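**Student:** So you can see what is in the structure, the chains are spelled out below.
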Amino acid sequence: MHLLSQNGDPAEGNERRATTGEITKLGRAIVVTSGKGGVGKTTTTANLGTALARRGARVALVDADIGLRNLDILLGLENRVTHHLLDVLEESATLDDALIPDKHSENLYLLAAAQSREKEDVDTEKMCALVASLRERFDYVLIDSPAGIERGFRNAVAGAQEAIVVCTPEVSAVRDVDRVVGLLGNRFRPQLIINRLRPQLVQKGKMLSVEDVDAILRLPLLGVIADEPQIIVTTNRGEPLALRRDGATANAYHAIAARVAGENVAMPTVELKKQSFLERLLRGGRA
Amino acid sequence: MNLGAALAKAGKRVILVDADIGLRNLDLVLGLEKRIVFDLVEVAEGRCQLRQALIRDKRFPALWLLPASQTRDKDAVTEEQFAALVDQAARAADYVLIDCPAGIEGGFRNAIAGAAEAILVTTPEVSAIRDADRVVGKLTDRALPMRLIINRLRPEMVHSGDMLCVDDVCEVLAVELLGIVPDDEEVIDTTNRGEPLVLDETNRLAAVYQKIARRLEGEIVPFTTFNNGARQGLFGRLFAGLKAG
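For the record, the sequence lines run as chains A and B.
If you use this note's numbering, the first sequence corresponds to residues 1 to 287, in order.
If you use this note's numbering, the second sequence corresponds to residues 1 to 245, in order.
These are computed hints drawn from the structure, not numbers from a lab.
If you're wondering where the values come from, they're calculated on a predicted model, not measured in any experiment.
One or more hints might be untrue.
[Stated by the list, open to error] Coverage of chain B stretches by chain A, computed from C-beta distances (three or more under 8 angstroms per stretch; other residues unrestricted):
(1) 23 to 37
(2) 97 to 105
(3) 124 to 133
(4) 155 to 163
[Unchecked claim] One-sided and incomplete, this derived list gives chain B residues near chain A with beta-carbon spacing under 8 angstroms:
(5) Lys74
(6) Ile188
(7) Asp189
(8) Thr191
(9) Asn192
(10) Glu195
Beta carbons: idealized from backbone N, C-alpha and C, even for Gly.
Make a model of the complete structure from these sequences and hints.
**Tutor:** So, in structure tokens, the structure goes:
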């Protein structure tokens, strides 16, 4: 399929020559995608990027959702966008102009999408070249894909070598991911993040479990993120949850970042905290 | 799906069109995925009749599904073909509900090509509202009248100031409100099982969708308000951004 021809062999050309002449490794370009909209691609990109930057990695986040950008809001950078992805592709701005340093995390940069343009305005080859030049400067290039499997998706995927697919435990989301994995083919080695799991619902048999999703998709699991109101609060505020040092969900993002970096972190079984009536009352009061 | 079922339950003839070619889902949430013989693309290409492709719902005899093709691309159908197809469906039904794919690309343009009205669905999150605002612009360009459904509202979070309230969302988007659907675990469960929740009279959300159906029919039905008493200072900054952007 057309997607694959855009993408070189991931093992190929993974080196860059630093100015000193020593050979260093090129960064990894990872597309975050899902097929279905609203499952948490952008939230995952913002939090994973934040968590990777906290580990000391240099990270560039690329918002490939041209016309419907959101990554800037989640990072609280919406007022700092002056140049965007298309400006760079069309050479009306340099990468240095367009990369916005994050407020909270050192080493984290955002390349925002154009809000008033169309996905069709992106030249796929130029997109590949852009991602390649980002790989020379960053350890990780995370590309936030738009929903769907149209042109915007193909552009987002074009320069990437790896894919993270985000899925909620719903049959429709699982089916869309399954389709996307098919379209990605063998090159991207897709890994799975299950998002918005509600352990209580799984226990009651009202939601697909991690095992159910795994049985259908058979993808390497990077992590499981529980559905929690704090995610909505932090995304609205523009402060990714992964900025926090503690808390189950922040830790889940840190563990995913460690796994992406190649560390062997044990997958915690999603704990089912039995909430007492009192605890629920307290939570209600605090939330 | 739930709105279609609510309309069918009220005695209307309803055709649901899944416009998400390549990522169809409406068949799954209706539990009709095993009954698909022909699909939308085949109708558009003239390889079968519309009535051959329509699948009658298991529970509501007045509810029909026109499934999307799973193995084709969005550009397999042109806007003209889509508009003609919706036109044909509209002659056979009281309501044709077109389930639009996410985004604003070709699939979106196809889905709105044959429509006379639009229902905009957003969650009360800043990012969703910004996307919705962009879609409002696109629909306004087409002079499509639109109304708004706010989905997945969590009243307790609105109350604690952690979520935008209904008035805030309406103020940003300036679109007439059609309904408010609270976040409910039943939605996930019933869609996974392929059962519209309006089937169950005792379900909290069944009443919500039935109210929306009545409003579509032109009835004036009061809204349950989930507004926060005090205005939320927290979101002032975000609003400023949204209004400017």
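**Student:** Could you run down the list of hints and mark each one as holding or not?
**Tutor:** These are the hints, each one checked on the structure:
1. With 4 residues having a beta carbon nearer than 8 angstroms to a beta carbon of chain A, the segment 23 to 37 of chain B meets the requirement of three or more and the stated coverage holds.
2. Under the rule that three or more residues need a Cβ within less than 8 angstroms of chain A, the assignment of the segment 97 to 105 of chain B holds, with 5 such residues.
3. Using a Cβ-Cβ cut-off of 8 angstroms, 6 residues of the segment 124 to 133 of chain B lie near chain A, which meets the minimum of three, so the contact claim holds.
4. Against chain A, the segment 155 to 163 of chain B contributes 5 residues with a C-beta closer than 8 angstroms to a partner C-beta. That satisfies the three-residue criterion, and the hint holds.
5. Because the smallest distance between the Cβ of B:Lys74 and any Cβ of chain A comes to about 5 angstroms, under 8 angstroms, the interface hint for this residue holds.
6. Interface restraint check for B:Ile188: the shortest CB-CB distance to chain A comes to about 6 angstroms, inside 8 angstroms, so the restraint holds.
7. Against a cut-off of 8 angstroms between C-beta atoms, the interface hint on B:Asp189 holds, since the closest Cβ of chain A lies about 4 angstroms away.
8. For B:Thr191, the interface hint holds, the least distance from its beta-carbon to any beta-carbon of chain A being 7 angstroms, beneath 8 angstroms.
9. The interface hint given for B:Asn192 holds, since its Cβ lies 5 angstroms from the closest Cβ of chain A, which is under the 8 angstroms cut-off.
10. Hint on B:Glu195 is violated. Least Cβ distance to chain A is approximately 12 angstroms, over the 8 angstroms limit.
Violation of the numbered hints given earlier is confined to hint 10; every other hint is satisfied by the structure.
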